[in-house]
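Undergrad: Here is how the chains run, residue by residue.
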Amino acid sequence: MPPLTRWYLKTALVYLVLALTAGVLLALRALVPLPTATAGLTPVYFHLLMVGWVTQLIFGVVFWMFPKQSQTRPRGSEPLGWASYGLLNLGLALRAIGELWMTATPGSVPGTLLAVSAVLQWLAGLGFVLNTWGRVKER
Amino acid sequence: MPRASLWFIRTGLLALAAGFTLGALLLLNKGLPIYPGLWRLLPAHIELLLVGWTLNLALGVAYWILPRFIRGAPRGPGWPVWAAYGLLNVGVILACVEPWVASGPWLASVGRALEALAAGFFAVHAWPRVKPHGV
Chain A
604 MPPLTRWYLK
614 TALVYLVLAL
624 TAGVLLALRA
634 LVPLPTATAG
644 LTPVYFHLLM
654 VGWVTQLIFG
664 VVFWMFPKQS
674 QTRPRGSEPL
684 GWASYGLLNL
694 GLALRAIGEL
704 WMTATPGSVP
714 GTLLAVSAVL
724 QWLAGLGFVL
734 NTWGRVKER
Chain B
796 MPRASLWFIR
806 TGLLALAAGF
816 TLGALLLLNK
826 GLPIYPGLWR
836 LLPAHIELLL
846 VGWTLNLALG
856 VAYWILPRFI
866 RGAPRGPGWP
876 VWAAYGLLNV
886 GVILACVEPW
896 VASGPWLASV
906 GRALEALAAG
916 FFAVHAWPRV
926 KPHGV
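Residue numbers (my numbering), protein chains in the order written: chain A, 604 to 742; chain B, 796 to 930.
Where hints are given, some of them may not hold.
Pairwise CB distance ranges, derived in the manner of DEER restraints [to be verified]:
| hint | chain 1 | residue 1 | chain 2 | residue 2 | range |
| --- | --- | --- | --- | --- | --- |
| 1 | A | L693 | B | I865 | 23 to 33 Å |
| 2 | B | G881 | A | S673 | 24 to 34 Å |
| 3 | A | P709 | B | R863 | 52 to 62 Å |
| 4 | A | G689 | B | I865 | 39 to 49 Å |
| 5 | A | P638 | B | G929 | 51 to 61 Å |
| 6 | B | G929 | A | G626 | 41 to 51 Å |
| 7 | B | G873 | A | P638 | 20 to 30 Å |
| 8 | B | P869 | A | L612 | 23 to 33 Å |
| 9 | A | K740 | B | I888 | 18 to 28 Å |
| 10 | A | K740 | B | G929 | 26 to 36 Å |
| 11 | B | P900 | A | P709 | 32 to 42 Å |
| 12 | B | A911 | A | G626 | 20 to 30 Å |
| 13 | A | P670 | B | P894 | 34 to 44 Å |
| 14 | A | T708 | B | H928 | 50 to 60 Å |
For the record, the hints were derived by calculation from the structure and aren't laboratory data. Idealized CB from N, CA, C, for every residue including glycine.
Assemble the whole structure, with the sequences as input and the hints as a guide.
TA: Dropping the structure here:
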């Protein structure tokens, strides 16, 4: 398994634990008083699960298992692969922080954080698509 | 990989790019409000990623790697798979345009029905391929 896949899969596992922990907090909100910021946990929970866990797991396995692009560049561009990994995770982490911050104290700083997170995750998605496209081919 | 898998997976990648683009616009608009009407993109964002991306990828990979038959066509008849591909993707498009047209709720219902039919066609194809190797 290539190093980038190992990073994707291990980070995905961390996000799985974080997402399910967020789910526990969401359920607890109905039972015990929790900080105001936790009211913003619903989109965080969903995106930690769907982007942090599911998407990241898929990205890692696709990078590992899809047909080789060529003899010289078997997995496409390694730097683009690493860039997608970094952008996705930085973007997702900023989103989680931004959503909770925005819920607790709405303002331009958490708003900007969400906007930056949007751009980072978008670039990550496009980077993955570009790097994978050439590996989806008939024999 | 077989041609149908190529079509499924590349369509899935396009849905991923489109879904991420809509998601980025929604999040950007949440952080720095640009135009309140952008929230109408939410159903398309969800549809493109939950169905368009994951289902196209899953069905494309399944068609490629499930065990093949020893006799006859290695992957069995191709028509149910192509039917599933067409129905799934027309269904996704119809469900995506729902908030933008007057007959939206009907279109979304038809879209979801086509997606369900696609799942049925793919299940008919895949059922006999879920077997031990060499049988």
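Undergrad: Checking against the hints above, which ones are violated?
TA: 1 and 7
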